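Peer 1: Please take these sequences and the hints and turn them into a complete structure.
Protein chains in written order, with the working numbering: chain A, 1 to 344; chain B, 1 to 187.
Just so you know, these hints were derived from the structure itself, not from any lab. Keep in mind that the hints are not guaranteed to be accurate.
[Claimed, not checked] Just a sample of chain B residues kept apart from chain A, beta carbon distances all over 12 Å, derived:
1. G8
2. R9
3. I43
4. Q49
5. V61
6. G62
7. P64
8. I80
9. Y140
10. A151
11. A169
[Stated by the list, open to error] Label-pair restraints from in silico Cβ distances:
12. T63/B - Q270/A: 29 to 37 Å
13. G156/B - A286/A: 49 to 57 Å
14. S66/B - N164/A: 29 to 37 Å
15. Q82/A - E41/B: 20 to 28 Å
16. K162/B - P130/A: 16 to 24 Å
17. G8/B - P130/A: 25 to 33 Å
18. T184/A - G156/B: 41 to 49 Å
19. N188/A - T63/B: 51 to 59 Å
20. E166/A - T63/B: 22 to 30 Å
21. A65/B - M240/A: 46 to 54 Å
22. A59/B - E283/A: 56 to 64 Å
[What the hints assert, rightly or not] Below, a list of computed lysine to aspartate or glutamate pairs in the EDC-like style, where the Cα atoms sit at most 16 Å apart:
23. K166/B - D14/A
24. K40/B - D67/A
25. K148/A - D16/B
26. K148/A - D45/B
27. K148/A - E5/B
28. K301/A - D319/A
29. K56/B - D86/A
30. K162/B - D84/A
31. K166/B - E10/A
32. K56/B - E283/A
33. K148/A - D17/B
34. K145/B - D16/A
35. K148/A - D2/B
36. K162/B - E68/A
37. K40/B - E68/A
38. K145/B - E139/A
None of these values were measured; they are calculated from a predicted model. Virtual Cβ for every residue (Gly too), placed ideally from N, Cα, C.
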Amino acid sequence: MNHETATAAELAADHDFIQWVKYPTQESMLYWSQFAEQYPDKAQEMAEARRLVLLLSQEQADDHSFDEEAQLVWEQLQEAMQQDRDRGPDGGRVFSIWGYPLKTWLSAAAVITLLLASAALLFTRQSAEPVTYATAYGEKRIIQLSDKSVIVLNANSSITIPENWEKDKPRTVQLRGEAFFSVTQQANRQQFIVTTSKGTKINVLGTEFNVYDRGQEDRVVLTSGKVRLSATQNGATRQMEMQPGDLVTVSAASGFSHRRVDPDLYTAWQHNKVYFDDYTLREVGALIEEQYGYKVEFSGKELPGQRITAFLEVKNPEDILNTLAETFELQITQQENTIYISSL
Amino acid sequence: MDEQEVWGRYKAGSEDDFSLLYRHFAPIMLRYGNRITTDKELIRDCLQQVFFSLWKSRATVGTPASVQHYLLKAIRNELIKKGKRAKLHDELPENYHFELEDSHEQTMIQLQTAEMTRQRITELLSQLPARQREVIFLKYYANLKYEEIAAIMDIGQDSVYKTTYKAIARLQQLLHNSALLLLILFF
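Peer 2: Take a look at the structure:
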């Protein structure tokens, strides 16, 4: 296809264009940014084509019913395989799942949680370039790496992973935004290093932890295992070892600051829950901006400094806004992409 | 993780790798089935049948170039084989047009929140003819190449492209009418 003469619809149907929108690589980003520079009059078509691709890719991403259904069928399949084994090589009939007694159902329910965590795993792709995975506003993604480590990427975030890790060098990934890591321990105690956009390095053996790289500071919460943080500020590198339950913030202004927390609260976003830990409304607004792509404007001087502590189930930004409106008696209106918040 | 390696170990009889294949591919197969028929029980039975057969024939089955491609085609064939024709989504006539029941202004009011916009778009997508929806799923959700879609659906590559293009053009026209395109950026 000749990209220079393509309409928005043609671009949106073009395989290379779709790959760039959905799974950008360094190579495709280079190609399309050069293209945009060279053909500035194509900007409108490109923007519209991009929106069309995102729209067409839309599935009910937060609809876990398929994962649950997959689990139910799996239980059933296991039964069928077992009966087949008992019966010998000639057996093998498929039973409908719905005729099963309650007990089977309960045991199925118990395994669902385990499966959900792994059902959306992606095979890491085979290519020579480093691969970048990105999430849109309001989207989450689970990525399994070749070493069986798992990364859960929160909304509006991206992670870059090299294609191949050498056996005797640290495994390194670059994060922008927020992600939860479950890192496998390798036999040769190969290190795993997460680098944030602000240059903080999180050095890991085998462990689970959450990294938040937005706004002014990096925030690392350790669920289990052991990590070593290092950050270079004003030319000096500082290091710190973390224990499970530690929350450490790293900022240019105040360096490391440490406190003890319940890590579950900080990783709850994976399950569509959000924990406001003595947040100001300004911070809540920033979260809505980062994760859902809105602009949030407060009126009045005191309002943005008001504080809230809450643990909410959140499917969309309205769930947060409704709670704020009730707690602080606010009027919340929306015009196009901007949310205006004022006192009643 | 290398899909070919997992497949190789499953063929050698590893239940762990068989389970890995299932966990990885079953959700997308269910989603795909859902685009083809509304009969959920049929989809579940077919999914189970595909994997049951896969397990039984592990020693003799070949090694596909793309496992996802192979499994999507397998569930499609199974659905068509088992499906009672009536329950498969009826193909809509080519000249079918769905109408926006609201005026432009009402639509805008309706679209005040992102969630409503999302529902609206899902609704619009669900109103496209069945074949267009199937192609869009394979192209944009399963991220397959045109030639792969052609092989799964047993139609020409050219016809896959035309169907995709038609679906896009129709949505585009509709979105321009309803000003939705402006809003979809925001979720």
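Peer 1: Each hint: holds or not?
Peer 2: Evaluated hints:
1. Consistency note on G8/B: stated as away from chain A, and its beta-carbon is indeed over 12 Å from all of that chain's, at 14 Å minimum.
2. With a minimum CB-CB distance of about 14 Å to chain A, R9/B clears the 12 Å threshold, and the non-interface call stands.
3. Against the 12 Å criterion, I43/B falls within the reach of chain A, whose nearest CB is about 8 Å from its own CB.
4. Not every CB of chain A is more than 12 Å from the CB of Q49/B (nearest about 5 Å), against its label as outside the interface.
5. Listed as a non-interface residue, V61/B keeps its Cβ farther than 12 Å from every Cβ of chain A; the least gap is roughly 15 Å.
6. Every C-beta of chain A lies more than 12 Å from that of G62/B, the closest at about 19 Å, which supports listing it as non-interface.
7. The Cβ of P64/B sits about 14 Å from the closest Cβ of chain A, beyond the 12 Å cut-off, so the non-interface label holds.
8. Chain A leaves I80/B outside its interface by the beta-carbon criterion, the shortest separation being 17 Å against a cut-off of 12 Å.
9. A beta-carbon of chain A comes within 12 Å of the beta-carbon of Y140/B; the shortest separation is about 4 Å.
10. No Cβ of chain A comes within 12 Å of the Cβ of A151/B; the nearest lies about 15 Å off, and the non-interface call holds.
11. Against chain A, the non-interface label of A169/B is violated: not every CB pair exceeds 12 Å, the least being about 5 Å.
12. In this structure the hint that T63/B and Q270/A lie 29 to 37 Å apart at CB holds, the actual value being about 35 Å.
13. The beta-carbon spacing between G156/B and A286/A, approximately 51 Å, falls within the hinted interval of 49 to 57 Å.
14. Range check, S66/B to N164/A: about 21 Å between beta-carbon atoms, so the 29 to 37 Å window is missed.
15. Distance hint check for Q82/A and E41/B: the Cβ-Cβ separation is about 22 Å, which falls inside the suggested range of 20 to 28 Å.
16. Taking 16 to 24 Å as the suggested C-beta distance range, the pair K162/B and P130/A does not conform, at roughly 36 Å.
17. Our hint of 25 to 33 Å for G8/B and P130/A holds, since their Cβ atoms are close to 26 Å apart.
18. Our hint of 41 to 49 Å for T184/A and G156/B holds, since their Cβ atoms are close to 45 Å apart.
19. For the pair N188/A and T63/B, the supplied restraint of 51 to 59 Å is violated, since their beta-carbon distance comes to about 31 Å.
20. The supplied range of 22 to 30 Å is met by E166/A and T63/B, whose beta-carbon atoms lie about 28 Å from each other.
21. Take A65/B and M240/A: their Cβ atoms lie about 48 Å apart, and the range 46 to 54 Å holds.
22. For A59/B paired with E283/A, a C-beta distance near 58 Å keeps the hint of 56 to 64 Å intact.
23. A hinted pair counts as satisfied when its Cα atoms are at most 16 Å apart, and K166/B with D14/A qualifies at roughly 13 Å.
24. Between the alpha carbons of K40/B and D67/A the distance comes to roughly 14 Å, so the proposed pair stays at or under 16 Å and holds.
25. For the given pair, K148/A sits about 14 Å from D16/B by alpha-carbon distance, which is consistent with the 16 Å threshold.
26. For the hint linking K148/A to D45/B, the alpha-carbon distance of about 31 Å lies beyond 16 Å, and the restraint is violated.
27. The suggested pairing of K148/A with E5/B holds, with an alpha-carbon distance near 14 Å, which does not exceed 16 Å.
28. Pair hint K301/A plus D319/A does not hold up; C-alpha atoms about 24 Å apart against a cutoff of 16 Å.
29. Our distance criterion of 16 Å between C-alpha atoms is met by K56/B and D86/A, whose separation comes to about 14 Å.
30. With a C-alpha separation of about 45 Å, the suggested pairing of K162/B with D84/A is violated against the 16 Å cut-off.
31. A C-alpha spacing of about 10 Å is found between K166/B and E10/A, which places the hinted pair at or below 16 Å, so the restraint holds.
32. Under the criterion of a C-alpha separation no larger than 16 Å, the hint pairing K56/B with E283/A is inconsistent with the structure, at around 56 Å.
33. A distance of roughly 13 Å separates the Cα atoms of K148/A and D17/B; the hinted pair therefore holds under the 16 Å criterion.
34. Between K145/B and D16/A the alpha-carbon distance is near 10 Å, which keeps this suggested pair within the 16 Å criterion.
35. Between K148/A and D2/B the CA atoms are separated by roughly 11 Å; this keeps the pair inside 16 Å, and the hint holds.
36. At most 16 Å may separate the alpha-carbon atoms for a hinted pair to count; K162/B and E68/A exceed this at roughly 35 Å.
37. Restraint check for K40/B and E68/A: satisfied, since their Cα atoms lie roughly 13 Å apart, inside the 16 Å limit.
38. In summary, the hint linking K145/B to E139/A is not supported, as the alpha carbons are separated by about 24 Å, beyond the 16 Å threshold.
Checked against the numbered hints given earlier, the structure breaks hints 3, 4, 9, 11, 14, 16, 19, 26, 28, 30, 32, 36 and 38 and satisfies all the rest.
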